[in-house]
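K.L.:
With the hints as constraints, model all of the structure from the sequences given.
The residues making up each chain are set out below.
Protein chains: 2
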Amino acid sequence: MSLLEKIRNRNAIIGIIGLGYVGIPLALSSSKAGFRVVGFDILPQRIEGLNARKSPIKYIRDADIAKMVDAGFEATGDFSRSKECDALIICVPTPLNKSREPDLSFVTSTTELIAPHFREEQLLSLESTTWPGTTEELLLPYIAKAGLTVGEDFYLVYSPEREDPGNTHFTPQTIPKIVGGKSPRCLEAGKALYGSFIDTIVPVSSTQTAEMVKLVENIYRSVNIGLVNELKIVAEAMGLDIFEVIDAAKTKPFGYTAYYPGPGVGGHCIPIDPFYLTWKAREFGLHTRFIELAGEINASMPQYVATKVVQALNTKGKSMNGAKILALGIAYKRNVDDVRESPSVTVLKLLYEWGAVVSYSDPYVSAFPKMRDHAFNLESIDLCPETIASYDAVILLTDHNDFDYKMIEANSDILIDTRGKYRNNANIIRA
Amino acid sequence: MSLLEKIRNRNAIIGIIGLGYVGIPLALSSSKAGFRVVGFDILPQRIEGLNARKSPIKYIRDADIAKMVDAGFEATGDFSRSKECDALIICVPTPLNKSREPDLSFVTSTTELIAPHFREEQLLSLESTTWPGTTEELLLPYIAKAGLTVGEDFYLVYSPEREDPGNTHFTPQTIPKIVGGKSPRCLEAGKALYGSFIDTIVPVSSTQTAEMVKLVENIYRSVNIGLVNELKIVAEAMGLDIFEVIDAAKTKPFGYTAYYPGPGVGGHCIPIDPFYLTWKAREFGLHTRFIELAGEINASMPQYVATKVVQALNTKGKSMNGAKILALGIAYKRNVDDVRESPSVTVLKLLYEWGAVVSYSDPYVSAFPKMRDHAFNLESIDLCPETIASYDAVILLTDHNDFDYKMIEANSDILIDTRGKYRNNANIIRA
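Chains A and B, in that order, are what the protein sequence lines are. Counting the first sequence from 1 gives a position; my numbering is that position plus 12. Counting the second sequence from 1 gives a position; my numbering is that position plus 12.
To be clear, the hints were calculated from the coordinates, so they are not data collected in a lab. Heads up, a few of these hints could be off.
Pairs of lysine-lysine, DSSO-like flavour, derived with a Cα cap of 30 Å [said to hold, decoys possible]: (1) A:K262 to B:K336; (2) A:K262 to B:K44; (3) B:K262 to B:K336; (4) B:K79 to B:K110; (5) B:K336 to B:K433; (6) B:K70 to A:K44.
Covered, in the sense of this in silico footprint (three residues per stretch, anywhere, with C-beta under 8 Å from a C-beta of chain A), are these stretches of chain B [to be verified]: (7) 89 to 99; (8) 181 to 187; (9) 205 to 218; (10) 229 to 235; (11) 238 to 252; (12) 285 to 296.
None of these values were measured; they are calculated from a predicted model. Quick reminder that beta carbons are idealized off the backbone N, C-alpha and C, glycines included.
P.N.:
Written out as structure tokens, the structure is:
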């Protein structure tokens with residue numbers, strides 16, 4: 013039976029490689045559409061948890077995982093089982109190394125594990141964000157080496173993930189999906205697969221175009237956040253509240269979209285993805301100046317915030333050295349539990365280096381996770397008037413809905429607001 | 013009778029100073045709302061034309077001007093008549109000088125003309141785009157000098173124009189209007205006035221905030237156009253069509269807004285307004301790096317386009333020197349007749365300097381207008397197959413709806429497209 017037929021009658025088995033923020037929602041969607049799904053990961057804990065019907069992600073319910081397992085889903089660390097699968101979808105992280113260069117080691121090591129098992133009538137799709145050309149330059153050679161011919165007996169596509177953790181307005185099914193194929197028949201296979209469980213498929217002319225689309229989306233976001241962060245500094249110097257300015261500007265019914273400043277950018281996309289283009293552009297002798305400027309300004313925001321805290325303490329005759337500081341929110345954005353690349357952590361680290369005694373409270377993160385560059389041995393503290401009053405300064409870093417903002421305002425000695433939650437209170441320091 | 017009462021019962025007389033792209037729509041709206049309107053200008057031709065019921069703007073009909081005149085509108089060059097007016101609204105241009113510094117001479121010369129006639133219970137509103145602080149630093153002193161007290165017997169507001177020529181989705185009445193007052197009573201007067209003929213008034217806390225709002229709107233636009241122009245160059249080097257990339261990216265239902273590249277930026281706002289903030293920020297020791305980068309990249313686009321034309325001719329063994337070049341569209345954007353700051357003109361100038369014999373066709377601009385830096389003695393040519401075929405190269409610079417794109421494509425020897433109108437035709441050069 014051809015791949016297209018198998019997809020059409022839901023006999024295709026879908027292999028999802030990398031069971032994280034992208035892979036799990038994808039597994040849920042394809043399982044729900046009637047496909048049998050095999051999930052691959054290298055973390056034994058992740059595999060065991062899923063098979064035991066536990067969700068590793070806070071906003072995905074155990075019940076949904078259980079339902080998927082009942083429908084035949086299985087997680088495994090045995091990559092030879094990729095041979096069973098008709099479609100293989102790679103959803104592994106693509107970080108940057110310490111020199112801010114693309115680190116595609118997860119993609120290549122994954123491909124090394126599955127390539128020996130490539131067979132006829134298989135579809136391989138890469139979803140990880142990466143530089144234009146990756147799919148053809150990195151993955152295609154493995155297919156040729158396996159004695160298969162792309163577009164004839166094997167299909168290769170790139171289809172970027174568009175997950176937005178915490179966004180309740182859209183589901184994986186309702187977010188249009190970009191698909192670029194190595195050949196017209198590859199594209200056809202990709203459209204058939206994703207079209208089985210996603211409402212709208214957006215075909216583009218090549219895998220490179222699809223790769224570029226994803227980068228442009230996140231570059232746009234990074235640059236616009238960088239811009240408002242720079243404008244915040246200018247507005248602040250002029251005595252203006254940038255949040256008031258933005259809220260007024262966004263009443264313009266065309267030609268303006270509101271982005272808000274903050275203590276920096278975080279998460280696995282915005283601080284990282286744009287530099288994939290920067291790196292590839294160098295091959296063509298080109299600079300991506302907007303990306304670099306946005307990166308520079310966004311990366312400088314934690315320092316800006318830390319300096320505001322120092323100044324605030326100073327007005328009360330206190331030094332940072334020895335000061336008791338409470339950080340509110342260490343997740344990289346509101347209402348999520350993800351602290352990857354969180355600017356809150358960088359702020360805490362800076363204050364700690366200045367000698368502050370730091371604490372944090374985050375309803376989504378009960379214990380400070382072990383991170384590559386930071387090792388705080390802290391647990392989230394519960395907020396009550398006495399606790400808040402016991403700190404020299406309180407910094408709002410992540411504006412979770414769960415915080416009791418009035419209680420915080422009423423009991424903080426010094427309150428620093430990086431999210432524009434407080435207005436018209438001259439005692440609160442904007443940062 | 014107090015100003016507020018006069019506004020409420022439509023007995024207030026509204027004086028509009030500067031009868032151009034902003035002033036005329038404003039006069040029409042306020043007249044339609046039942047106010048008597050006096051228009052002030054320094055150009056005798058403009059005054060005579062309006063009093064003779066002629067519209068000076070292509071997209072405003074003579075019939076609308078006639079109706080306004082019938083309702084009592086009168087244009088005049090006698091600024092002493094500002095004394096008759098209860099509200100004075102300044103809508104004069106705020107350009108940049110040759111050193112790219114704010115040129116507020118129209119605002120100050122206008123104010124010099126009306127200030128001797130300031131009287132009690134008058135409202136003065138500035139609508140011209142300018143740096144935060146202008147209203148208080150520049151206008152307020154005239155009021156004090158006239159022996160009046162702002163907020164007590166005289167009212168001062170800043171309310172930025174949000175005109176978007178060619179936009180048919182919104183009218184002056186349906187675009188929300190930002191108003192910032194020097195004092196609460198000033199704001200109240202401003203809200204009453206504009207609320208009489210505009211659906212939604214957005215009050216902000218100060219005139220400076222209102223000034224900043226307008227700049228942020230246009231800075232956002234300038235930066236996003238600069239960003240896509242830079243991305244266009246990178247995409248082009250990688251063999252990708254940036255227009256295809258953007259059209260695919262904009263299928264993302266959140267977190268992305270499409271802006272399109274082009275031959276540069278034009279019009280009276282985007283190339284100019286952002287530098288008003290740049291200039292003011294220097295007073296605070298701050299740089300506005302996004303604005304400067306956007307300005308630099310946008311300003312370099314005509315050179316990029318010109319180089320593409322040179323390269324295209326070169327592939328056919330032709331030099332620019334002596335080449336016959338046809339530019340399609342000299343207006344700064346589609347479907348308008350405005351050539352102010354148009355990048356098309358800069359492209360033409362560059363090609364002319366390289367020795368090209370240049371012509372243009374623009375259904376909106378029948379004769380090349382006299383401009384500060386450019387003096388082409390040209391008239392728009394009519395397009396037909398033979399005419400187009402007679403040129404060595406045709407450059408699409410402004411994508412007016414009226415062009416016959418298929419006919420142009422079929423008859424051009426070399427066709428250069430700066431607007432993404434043509435896709436999937438390898439013979440057409442993207443620039």
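K.L.:
Within 30 Å, alpha carbon to alpha carbon, are K262 of chain B and K336 of chain B?
P.N.:
Since the Cα atoms of K262 of chain B and K336 of chain B sit roughly 38 Å apart, the hinted pair is violated (cutoff 30 Å).
K.L.:
Tell me whether the statement that chain A covers the stretch 229 to 235 of chain B is true, taking a Cβ distance below 8 Å and needing three residues at minimum.
P.N.:
holds (count 5)
K.L.:
Counting residues of the stretch 238 to 252 of chain B whose CB is closer than 8 Å to a CB in chain A, do you get three or more?
P.N.:
holds (count 11)
K.L.:
Is the hinted pair K336 of chain B and K433 of chain B satisfied, with a Cα-Cα distance of at most 30 Å?
P.N.:
Given that 30 Å is the threshold and the Cα spacing comes to 22 Å, the pair holds.
K.L.:
Hint check: K262 of chain A vs K44 of chain B, CA-CA at most 30 Å. Holds or violated?
P.N.:
holds (27 Å)
K.L.:
Holds or violated: K70 of chain B with K44 of chain A, Cα cutoff 30 Å?
P.N.:
Violated - the C-alpha atoms of K44 of chain A and K70 of chain B are around 57 Å apart, more than 30 Å.
K.L.:
Verify this for me: three or more residues of the stretch 181 to 187 of chain B with a beta carbon less than 8 Å from a beta carbon of chain A.
P.N.:
holds (count 4)
K.L.:
Using C-beta distances, would you say chain A covers the stretch 205 to 218 of chain B, given that this needs three or more residues below 8 Å?
P.N.:
holds (count 5)
K.L.:
Is the hinted pair K79 of chain B and K110 of chain B satisfied, with a Cα-Cα distance of at most 30 Å?
P.N.:
Judged against 30 Å, a Cα distance of about 40 Å means the pair is violated.
K.L.:
Holds or violated: are the alpha carbons of K262 of chain A and K336 of chain B at most 30 Å from each other?
P.N.:
violated (46 Å)
K.L.:
Counting residues of the stretch 285 to 296 of chain B whose CB is closer than 8 Å to a CB in chain A, do you get three or more?
P.N.:
holds (count 4)
K.L.:
How does the coverage statement for the stretch 89 to 99 of chain B fare against chain A, requiring three or more residues with Cβ below 8 Å from a Cβ of that chain?
P.N.:
violated (count 0)
Of the numbered hints listed earlier, those contradicted by the structure are 1, 3, 4, 6 and 7.
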